[in-house]
Amino acid sequence: MKNKLLHGALTVSKFTLQQHYKALSVKILLLILMVIGFCAVPLLRMVFEKEEDVNVALPDVSTIYLRNDTEYPIDTADLAGLYTEKTVVVNETDTSDENFAELIASGTDILAISISETEENGGVGVQLFYSEDGEISSDSAQLLSDSTADFVYRSMLEVASATEDQSDILRASVRGDVKEITEYVTDDSETDMAAHSGINLAYCYLVMILSTLSMSYILALAVEEKQSKLVETFLLSVSPSQMLLGKFIAVTVFIFVGIFLTLGSFGISLLIAKSQGGIAFLTHAIESMGAMEVLKGIGVPEIILLVVSVLLAYTMIAFIAAIFGSCCSKTDDIQHASMSLVFVIMFGYMAGAMVPLFESQAANIVTSLFPLTGIFSVPVNYICGKINLPILLISLLLQVITIFFLIRAAGKVYQMMILYRGDFLKLKQLIGMLRAQSAAEKEGKTK
Amino acid sequence: MSFEVKDLFKRYGDKVVVDHLSFSMEKEGVYALLGTNGAGKTTSIRMMLGMLAKDGGSVMWNGKPLSVDSCNVGYLAEERGLYPKCTLMDQLLYFASLRGVSHSEAKKRIAYWAERLEATEYLYPPKNAGKASKPKLADQLSKGNQQKIQLMVALLSDPELLILDEPLSGLDPVNADLFKSIIHEEVEKGKYLIMSSHQMATIEEFCTDLTILNRSKVVLQGNLAEIKKSYGRINLHIKAEQELKPYIEKADVQLLSQVGYTYQCKVRGEEHANTLLKALVADDVTLIAFELREPSLHEIFVEKVGDTHEE
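Respectively, the protein sequence lines represent chains X and R. Following our numbering, the numbering of the first sequence begins with 1 at its first residue and continues without gaps. Following our numbering, the numbering of the second sequence begins with 1001 at its first residue and continues without gaps.
Since the hints were made in silico from the structure, they are not lab data. Mixed in with the good hints there might be a few duds.
What the hints assert, rightly or not - Only pairs whose alpha carbons sit at most 35 Å apart, straight line, appear in this in silico DSBU-like list of lysine-lysine:
#1 R:Lys1189 / R:Lys1054
#2 X:Lys229 / R:Lys1064
#3 X:Lys22 / R:Lys1143
#4 R:Lys1250 / R:Lys1229
#5 X:Lys229 / R:Lys1266
#6 X:Lys27 / R:Lys1107
#7 R:Lys1054 / R:Lys1228
#8 R:Lys1064 / R:Lys1228
#9 R:Lys1229 / X:Lys412
#10 R:Lys1143 / X:Lys229
#11 R:Lys1239 / R:Lys1266
#12 X:Lys27 / R:Lys1108
#13 X:Lys229 / R:Lys1134
#14 R:Lys1250 / X:Lys229
#15 R:Lys1229 / X:Lys229
#16 R:Lys1134 / X:Lys330
#17 R:Lys1217 / X:Lys330
#18 X:Lys426 / R:Lys1189
#19 R:Lys1131 / X:Lys330
#20 R:Lys1064 / R:Lys1027
#21 R:Lys1136 / X:Lys229
#22 X:Lys22 / R:Lys1108
#23 R:Lys1228 / X:Lys22
#24 R:Lys1229 / X:Lys14
#25 R:Lys1107 / R:Lys1127
#26 X:Lys426 / R:Lys1064
#27 R:Lys1027 / X:Lys27
#28 R:Lys1054 / R:Lys1191
#29 X:Lys229 / X:Lys412
#30 X:Lys330 / R:Lys1229
#31 R:Lys1217 / X:Lys14
Could you build the full structure based on these sequences and the hints that come with them?
Given below as structure tokens:
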């Protein structure tokens, strides 16, 4: 019986997929997805490598004049050593400011650095001068100035006889932070709000895109036989459940093939980028999103959780779409159904995406436990330490139960509505019809 | 083999749409389900095929509940269509596979039916003929040709029981004759056919037994020949070369229509007609035709459902 159900469903899905892939628009869509996958890596490189260039490139100069008016010695070789790919001459000088200006003006690739004690707090100031006629950018000059300041600071620590470890401690930055006591005592492994919100937003976006895609395909396929007046011809050979299951399988395969094609193209593009100068920009990209700490904590169990959660989200929305699609008889009805479904998806998306911004433990738990919002937030909440394992398991269980009921309801509604020809049913009408049918079935059983 | 429908019942809310329909077929042939629009024919067929839940009754094939497992059924639905943007061959192979017909067998059967239904050019477009060599899509076919493909879908599984809901509606006379010849062939092959139609002449041509439904109820049922016999020969057709109206009135025969010297009348029985004939012969009236016949199915149908249908 189960084999027969599967055979019918697979025949339906095979034909649906074959016909789908024959369409030119689908071929173009898949091509676009592959191009997006391929282009994502060069785009990331363009955006994030640019930042790296600004940080690394020192000003292109031939000579640096250095005047050090402090008691902290600077080794000119250290300064010249910053340039690894060319030879830069570093000349120490004690010339006056006027002569300094003349020296700089003598060439466009010459600059001067003055190190002196500041009068206000007894500290040291590093000033870099360059000719305005040259091609030295202020960013690159600032980088050289910062490096010089670092040398001065190191020299100061040496004069103070600090050990290497002490020097490292003194050079390390100290950051101020404010936290509520409840947050402080909860969990050390919690990710901060900005990173949690960012990652959650990305996950919500992924689920929303997947949901919207599955919704549109399921709606179109659910009404296809009604529009083609093929329902009765079909029903002789396959049951409504087989039809629905077959279409669900077809849409799932189609969507996930699209995803894998995009990811595959991205992977190939990444391999090419790796062989042509590395992929450090990707680390930059992840760091700039503040997601590095979270990603470091992701192992196989977290990946499995993410995959399972995405599949649950997809299935839940697909079967809600199947129920809505079953109530459609014509193209106009699909528009009604789409609008209602978009509302449902946006509710889940907004709740899932916004709740982390409130930094409320209770809100995180509630959105995780409610299946429609849970599909948008559970895995990220868990990975970021916002919910614990029991809450995660309860949330997933509730989602599975909801999906089970949705599948049963979709099968019932599809069967009940398959010969229905009329306007798009409102939820109230649909529930009324379902109740009437259940009552009739009960009456039949009693007889 | 036998096919039996017993006490089939369906209602929507308080409205009864099929009221205890029962009939059976003990041998091959054509069983007709007749009725006005909304009489419950299509609903009955849908319940027979299990597409619609029954509120009561049973449908048996060889003593077992009818299902695709117990009986190879072919069905040409009243609401019929095809995927508009799929090639015809793809669709036929798809429906054949859904009915459990193997790919190679399906191809053989499609070739046979394409030939028989004169649809070869749509299913096997000529090669190297430019645009014409492209496989045909359903929406490129006329309604009649689409109907041929739909009939092929119904016949592809070589069904034992064939249910045809309004099979000839929308067909031109040439294609209607083609369909009729195929129905005759299927009956000769020993198939069981259930046919619903509004075209009484067609039904009369094929069917041995029938049920007439009116407003969900059975108003007439039985063997067509016996039904006609029970009415007796009451239709009188007379053609003469002179006016016969006085004779008809004198014999108390009901005149239904008159065109020139051609008369359609209704008599109470053969004796009644003989009285009129004797009177005409006695006066040496030249008669071209004097035919006493049973009522047609059309007349019976109108008589049974006409009055209530007008309400």
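Verification of the supplied hints:
A C-alpha spacing of about 31 Å is found between lysine 1189 of chain R and lysine 1054 of chain R, which places the hinted pair at or below 35 Å, so the restraint holds. Proposed proximity of lysine 229 of chain X and lysine 1064 of chain R is supported: the alpha carbons are some 30 Å apart, at most 35 Å. With a C-alpha separation of about 25 Å, the suggested pair lysine 22 of chain X and lysine 1143 of chain R falls inside the 35 Å cut-off, and the hint holds. For a cut-off of 35 Å, the pair hint linking lysine 1250 of chain R to lysine 1229 of chain R stands: about 27 Å separates their Cα positions.
At most 35 Å may separate the alpha-carbon atoms for a hinted pair to count; lysine 229 of chain X and lysine 1266 of chain R exceed this at roughly 45 Å. Only pairs whose Cα atoms come within 35 Å are accepted, and lysine 27 of chain X paired with lysine 1107 of chain R is accepted, the gap being roughly 28 Å. Taken as a hint, the lysine 1054 of chain R and lysine 1228 of chain R pair is honoured in the structure, with Cα atoms around 32 Å apart against an allowance of 35 Å. Only pairs whose Cα atoms come within 35 Å are accepted, and lysine 1064 of chain R paired with lysine 1228 of chain R is accepted, the gap being roughly 33 Å.
Among the hinted pairs, lysine 1229 of chain R with lysine 412 of chain X is inconsistent with the structure: their alpha-carbon atoms are about 49 Å apart, more than 35 Å. Annotation: proposed proximity of lysine 1143 of chain R to lysine 229 of chain X holds, straight-line Cα distance about 13 Å (limit 35 Å). Between lysine 1239 of chain R and lysine 1266 of chain R the CA atoms are separated by roughly 14 Å; this keeps the pair inside 35 Å, and the hint holds. Restraint check for lysine 27 of chain X and lysine 1108 of chain R: satisfied, since their Cα atoms lie roughly 32 Å apart, inside the 35 Å limit.
As the CA atoms of lysine 229 of chain X and lysine 1134 of chain R are separated by approximately 25 Å, the hinted pair is consistent with the 35 Å bound. Simply put, lysine 1250 of chain R and lysine 229 of chain X have alpha-carbon atoms about 58 Å apart, too far for the 35 Å limit, and the pair is violated. Distance restraint check for lysine 1229 of chain R and lysine 229 of chain X: the Cα-Cα separation of roughly 41 Å exceeds the 35 Å cut-off, and the hinted pair is therefore not satisfied. Under the criterion of a C-alpha separation no larger than 35 Å, the hint pairing lysine 1134 of chain R with lysine 330 of chain X is consistent with the structure, at around 29 Å.
At most 35 Å may separate the alpha-carbon atoms for a hinted pair to count; lysine 1217 of chain R and lysine 330 of chain X meet this at roughly 33 Å. Distance restraint check for lysine 426 of chain X and lysine 1189 of chain R: the Cα-Cα separation of roughly 50 Å exceeds the 35 Å cut-off, and the hinted pair is therefore not satisfied. Taking the CA atoms of lysine 1131 of chain R and lysine 330 of chain X, the gap is about 32 Å. The hint holds against a cut of 35 Å. A threshold of 35 Å between alpha carbons decides the hint, and for lysine 1064 of chain R with lysine 1027 of chain R the separation of about 16 Å falls inside it, so the pair holds.
Under the criterion of a C-alpha separation no larger than 35 Å, the hint pairing lysine 1136 of chain R with lysine 229 of chain X is consistent with the structure, at around 19 Å. Restraint check for lysine 22 of chain X and lysine 1108 of chain R: the C-alpha separation of about 25 Å stays at or below 35 Å, so the hint holds. Taking the CA atoms of lysine 1228 of chain R and lysine 22 of chain X, the gap is near 57 Å; set against the 35 Å cutoff, the hint is violated. Note on lysine 1229 of chain R and lysine 14 of chain X: the hinted pairing is violated, with a Cα-Cα distance of about 55 Å set against a maximum of 35 Å.
For the hint linking lysine 1107 of chain R to lysine 1127 of chain R, the alpha-carbon distance of about 18 Å falls within 35 Å, and the restraint holds. As the CA atoms of lysine 426 of chain X and lysine 1064 of chain R are separated by approximately 40 Å, the hinted pair breaks the 35 Å bound. Annotation: proposed proximity of lysine 1027 of chain R to lysine 27 of chain X is violated, straight-line Cα distance about 54 Å (limit 35 Å). A distance of roughly 25 Å separates the Cα atoms of lysine 1054 of chain R and lysine 1191 of chain R; the hinted pair therefore holds under the 35 Å criterion.
Our distance criterion of 35 Å between C-alpha atoms is met by lysine 229 of chain X and lysine 412 of chain X, whose separation comes to about 20 Å. Annotation: proposed proximity of lysine 330 of chain X to lysine 1229 of chain R is violated, straight-line Cα distance about 49 Å (limit 35 Å). Restraint check: the Cα-Cα separation between lysine 1217 of chain R and lysine 14 of chain X comes to about 44 Å, which exceeds 35 Å; the hinted pair is violated.
The structure shown violates the earlier hints numbered 5, 9, 14, 15, 18, 23, 24, 26, 27, 30, 31.
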